[in-house]
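Could you build all of it, start to finish, from the sequences and the hints given here?
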Amino acid sequence: MSYQVIARKWRPVTFSEVVGQAHVVKTLKNAIASGRLAHAYLFSGPRGVGKTTMARLLAKALNCESGPAPEPCNRCSICKEIGSGYSTDVLEIDGASNTQVDNIRELRESVKYSPGRCRYRIYIIDEVHMLSVSAFNALLKTLEEPPPHVVFIFATTEPHRIPATIHSRCQRFDFRRIPTRVVAEKLKEIADAESIAIEDDALYLMARECEGSLRDAQSMLDQVIAFSGESIRKEDVRDVFGFMDRAVLATLLECIVDRDEAGCLNVVEKINDFGYDLKKLLGELIEYVRDLVVIKVCGDKKIVELPENELGHLKGLSERIETRRADLLFSVLSRGYEELARSSTPRFSLEMTLLRACNLADLKDVSELLRAAREGACATEEGARGKNPHNPVRKAASGTEPPSSSEPEGIEGFKEFVGARDDRVYNVLKDATVELDERGISILTDPDGHVMLEVMKKKRVEELAREYFQRNIRIEVIKKDDLTGERTEKATACGQEAEDIKTKAVRILGAKIIEERSVDDA
Amino acid sequence: MRFSDILGHKREINLLKKGIELNRCASTYLFSGPEGIGKRLVALAFAAALNCEACKDDACTECASCRLIASGTHPNLLLVEPRGGTLKVALVRELKRLLNYRIDRGRRVVIIDGAHLMVRATSNILLKTLEEPPLNTTIILISSRPDTLLPTILSRCQRINFSPLKEEAIKEILHREGYTDPHTADIAQRLSCGSAKRALTIATTGIIEKRRSYASILSIDHVTATGLLHMAEKLSKEEGLEELLESFKILFRDAILWRVEHSEQRLVNTDMLESIRLCPYSQEELLGAYSLVEKTRESILPPSTTNKRLAMEALLVGLKERRWQGFVA
Chain A
7 MSYQVIARKW
17 RPVTFSEVVG
27 QAHVVKTLKN
37 AIASGRLAHA
47 YLFSGPRGVG
57 KTTMARLLAK
67 ALNCESGPAP
77 EPCNRCSICK
87 EIGSGYSTDV
97 LEIDGASNTQ
107 VDNIRELRES
117 VKYSPGRCRY
127 RIYIIDEVHM
137 LSVSAFNALL
147 KTLEEPPPHV
157 VFIFATTEPH
167 RIPATIHSRC
177 QRFDFRRIPT
187 RVVAEKLKEI
197 ADAESIAIED
207 DALYLMAREC
217 EGSLRDAQSM
227 LDQVIAFSGE
237 SIRKEDVRDV
247 FGFMDRAVLA
257 TLLECIVDRD
267 EAGCLNVVEK
277 INDFGYDLKK
287 LLGELIEYVR
297 DLVVIKVCGD
307 KKIVELPENE
317 LGHLKGLSER
327 IETRRADLLF
337 SVLSRGYEEL
347 ARSSTPRFSL
357 EMTLLRACNL
367 ADLKDVSELL
377 RAAREGACAT
387 EEGARGKNPH
397 NPVRKAASGT
407 EPPSSSEPEG
417 IEGFKEFVGA
427 RDDRVYNVLK
437 DATVELDERG
447 ISILTDPDGH
457 VMLEVMKKKR
467 VEELAREYFQ
477 RNIRIEVIKK
487 DDLTGERTEK
497 ATACGQEAED
507 IKTKAVRILG
517 AKIIEERSVD
527 DA
Chain B
12 MRFSDILGHK
22 REINLLKKGI
32 ELNRCASTYL
42 FSGPEGIGKR
52 LVALAFAAAL
62 NCEACKDDAC
72 TECASCRLIA
82 SGTHPNLLLV
92 EPRGGTLKVA
102 LVRELKRLLN
112 YRIDRGRRVV
122 IIDGAHLMVR
132 ATSNILLKTL
142 EEPPLNTTII
152 LISSRPDTLL
162 PTILSRCQRI
172 NFSPLKEEAI
182 KEILHREGYT
192 DPHTADIAQR
202 LSCGSAKRAL
212 TIATTGIIEK
222 RRSYASILSI
232 DHVTATGLLH
242 MAEKLSKEEG
252 LEELLESFKI
262 LFRDAILWRV
272 EHSEQRLVNT
282 DMLESIRLCP
292 YSQEELLGAY
302 SLVEKTRESI
312 LPPSTTNKRL
322 AMEALLVGLK
332 ERRWQGFVA
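In the order they appear, the protein sequences are chains A and B. Sequential numbering of the first sequence, starting at 7, is according to the working numbering. Sequential numbering of the second sequence, starting at 12, is according to the working numbering.
Just so you know, these hints were derived from the structure itself, not from any lab. No residue lacks a Cβ here, since even glycine has one placed at the ideal position from N, Cα and C. Watch out, some of these pointers could steer you wrong.
Here are the in silico distance ranges between beta carbons for each label pair [as the list claims (entries may be wrong)]: (1) B:ARG78 <-> A:LYS147: 41 to 47 Å; (2) B:ARG78 <-> A:TYR92: 52 to 58 Å; (3) A:ASN315 <-> B:GLY96: 45 to 51 Å; (4) A:ALA203 <-> B:ARG187: 41 to 47 Å; (5) A:MET250 <-> B:PRO145: 34 to 40 Å; (6) B:ASP68 <-> A:SER140: 47 to 53 Å; (7) A:LYS15 <-> B:GLU309: 43 to 49 Å; (8) B:GLU250 <-> A:MET250: 25 to 31 Å; (9) A:SER140 <-> B:TYR112: 42 to 48 Å; (10) B:GLU92 <-> A:ARG114: 35 to 41 Å; (11) A:ILE507 <-> B:SER274: 30 to 36 Å; (12) A:TYR119 <-> B:GLU92: 41 to 47 Å; (13) B:GLU250 <-> A:ALA517: 17 to 23 Å; (14) A:TYR119 <-> B:LEU146: 47 to 53 Å.
DSSO-like cross-link-like pairs, simulated, lysine-lysine; straight-line CA separation at most 27 Å [as the list claims (entries may be wrong)]: (15) B:LYS177 <-> A:LYS285; (16) A:LYS285 <-> B:LYS21; (17) A:LYS436 <-> A:LYS465; (18) A:LYS276 <-> B:LYS107.
As structure tokens, then:
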């Protein structure tokens, strides 16, 4: 007798052996017990969770000599026949190979004959999503009112490809992914029965990797057993599947966050020599970055499913990276992933992607550039202003004079005006450095004031400014620690240059200015 | 073909041998890994080993069965290959028909090469067969793009990931094929990224010399406009242009690495060190250049019918004018 793989050998023969699909089992059992059978069932769900198995079980349970019983006996000749696939009354049809309308017509012809030995004639159509549209349509009438001795069971991984008219004629059961713990327990059970000693860690490693598909996990177990015989350690699992130590990912992400380019290259070289799948590495890294962003944004650890030590590490990293950069990191890596999938030189592709990711820090934010441009521009255009009496001219002719000290009257007037109208805004304004130029008002304030103005009162300030200056004025709130002393110099000295940066940014990036915004947390 | 004749892939072969030894061979395998590293050779050797009359875990090359496998006429060996770029449904239907027959002795091995070239219907037709193949049959799918396979296919296979070949293995293969010059072999091996097939293409098409003649791509600022157009014309007429562009990418990659590390250790184009060192671009610009070359390379890959000369002109002018738009997001 040749060897049979675990997934086939351990295919459940009773409902109680099926794991992770309690909702389906319970419904079907009750339906059989109470005699409320539907004439068509549709089983859908991801691969390897038990759809075909359940279809065969249902067929057995309905036809069992001692039935219809909520649990097939597996002893009677009918159960045995169905189990070995020889029954003439339970027809398992491969939907993918028999897609044509002619196949369905044939099936329809055979529907009217009553079963030979069994109680029901059962048609199991697996991979039913592959039937052609006309094949589905040919089935409709039969499916709506089949003879009493016929039961249809459809199984598919892609229920969305099945016409609504078919859906509405079937009882649909959605099979679920099997939780990691349950998969691990099942694997343990199998290993025990096959008298194989296996470490719990090894089991969990496989159970995690299988994405809720028991068959995937069973295939893995098979492969590990074939490799290491009767005693299996965690390292064996790693060796066979080339699972990478998660610590490598942590190192890699740390290198990127710290812009350690040589470090990244080292990691790539090591992984490449080890023979690990680079595409998978990048995929995992992307997930890791996603976790990082989630932690950064929400701070809530519960959304991220990671072991405690990795969480701690990510938490630490998240403090060293700004949200915007983490966000950009994600898109750079995702783009790199696509490139890597197509590349014939994956290693180099990965290297470039990682270097690009490291270099992200050096990229200037467009809105930051724009702000620099705006601040700079003020120095060159002072002559154009002063037409409006409410729009005071700033005497910033000499480059050394800080702009905030110029022309206090207009601003002071505005402050007083605000003081009379809105206490809360005034409290912030009176301590802040406020400047006015032809583009609008910029308010330089401490973080608290920033939150107050930017988030809560911006509209109000705009209204007040409009009232006072008799025109629309843009308000920009700048947090104090955003800017250093050099700002003042920059603003006055490099007006034209900054304007150039803006035009250049627009040209180089092929950008279009849709909205100008201040930078709040860069 | 014997396991012991195959260079490299010790881990992978070991996995298969253990399976034979313990009588736990799976009924479906997926051999995945980059192109041109010998996945199919291993599959053939596996088929030979499973059917050999003399030995157990390797082929003997002398018994009748091994000779039949070597000549490709063994009734137990079914080889399915794509025709015209895809694996068509008819081919797999025929395969399924053949699988209905019982086999006389040994173990039937079906090798489906280029599994990622199966159209959707083909993949689906295979599902039931992969899940429960006939008695004494092993199906081996081979693919360099396993990520494009259906998850339902992946879940039915035992997957064996093949690593790129090691340096020595590729040099040995080049040597066997008659490329005995150690210098050529060294560069070809470095350019190949662990793929024997690529190393051989590089060695046969003379990419190494051609690439050197285009060294000015690294300092394209010094090339005049007319020079650029001439270069583009010459480039567009080159045989193996894709491979050449690939080597340009690697040149830029080297220039970047030089800027990062200032060491030769990880560089590929060790024969062009001078040009790499003198390359005037900044690191950021080089990353842009790399992307631009990659984009161009993709745009001329079949089935695209881009005018190669225009593409080359656009590439060179783009490099000179630093026209890589927003290479970040």
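Checked hints:
Between ARG78 of chain B and LYS147 of chain A the CB atoms are about 59 Å apart, so this pair departs from the stated range of 41 to 47 Å. Separation of ARG78 of chain B from TYR92 of chain A is about 39 Å and departs from the stated range, judged on CB atoms against 52 to 58 Å. As the Cβ distance of ASN315 of chain A to GLY96 of chain B is approximately 48 Å, the hint placing it in 45 to 51 Å holds. For ALA203 of chain A and ARG187 of chain B, the Cβ-Cβ distance of about 44 Å falls inside the hinted range of 41 to 47 Å, so the restraint holds.
At about 37 Å, the CB distance of MET250 of chain A to PRO145 of chain B agrees with the hint of 34 to 40 Å. Between ASP68 of chain B and SER140 of chain A the Cβ separation comes to about 51 Å, which falls inside the hinted range of 47 to 53 Å. LYS15 of chain A and GLU309 of chain B have their C-beta atoms about 46 Å apart, which keeps the hinted 43 to 49 Å range intact. Checked against the given bound of 25 to 31 Å, the beta carbons of GLU250 of chain B and MET250 of chain A, roughly 39 Å apart, lie outside it.
Hint check: SER140 of chain A to TYR112 of chain B, Cβ distance near 33 Å, so the stated range 42 to 48 Å is violated. Remark: the range hint 35 to 41 Å for GLU92 of chain B to ARG114 of chain A is upheld by a beta-carbon distance near 38 Å. One distance hint, 30 to 36 Å for the beta-carbon pair ILE507 of chain A and SER274 of chain B, holds here, with the actual separation near 35 Å. TYR119 of chain A and GLU92 of chain B have their C-beta atoms about 43 Å apart, which keeps the hinted 41 to 47 Å range intact.
Take GLU250 of chain B and ALA517 of chain A: their Cβ atoms lie about 40 Å apart, and the range 17 to 23 Å is violated. Distance hint for TYR119 of chain A and LEU146 of chain B: a CB-CB separation of about 31 Å, inconsistent with the stated range 47 to 53 Å. Annotation: proposed proximity of LYS177 of chain B to LYS285 of chain A holds, straight-line Cα distance about 19 Å (limit 27 Å). For a cut-off of 27 Å, the pair hint linking LYS285 of chain A to LYS21 of chain B stands: about 22 Å separates their Cα positions.
For the hint linking LYS436 of chain A to LYS465 of chain A, the alpha-carbon distance of about 18 Å falls within 27 Å, and the restraint holds. Annotation: proposed proximity of LYS276 of chain A to LYS107 of chain B is violated, straight-line Cα distance about 43 Å (limit 27 Å).
Hints 1, 2, 8, 9, 13, 14 and 18 from the earlier list are contradicted by this structure; the remaining hints agree with it.
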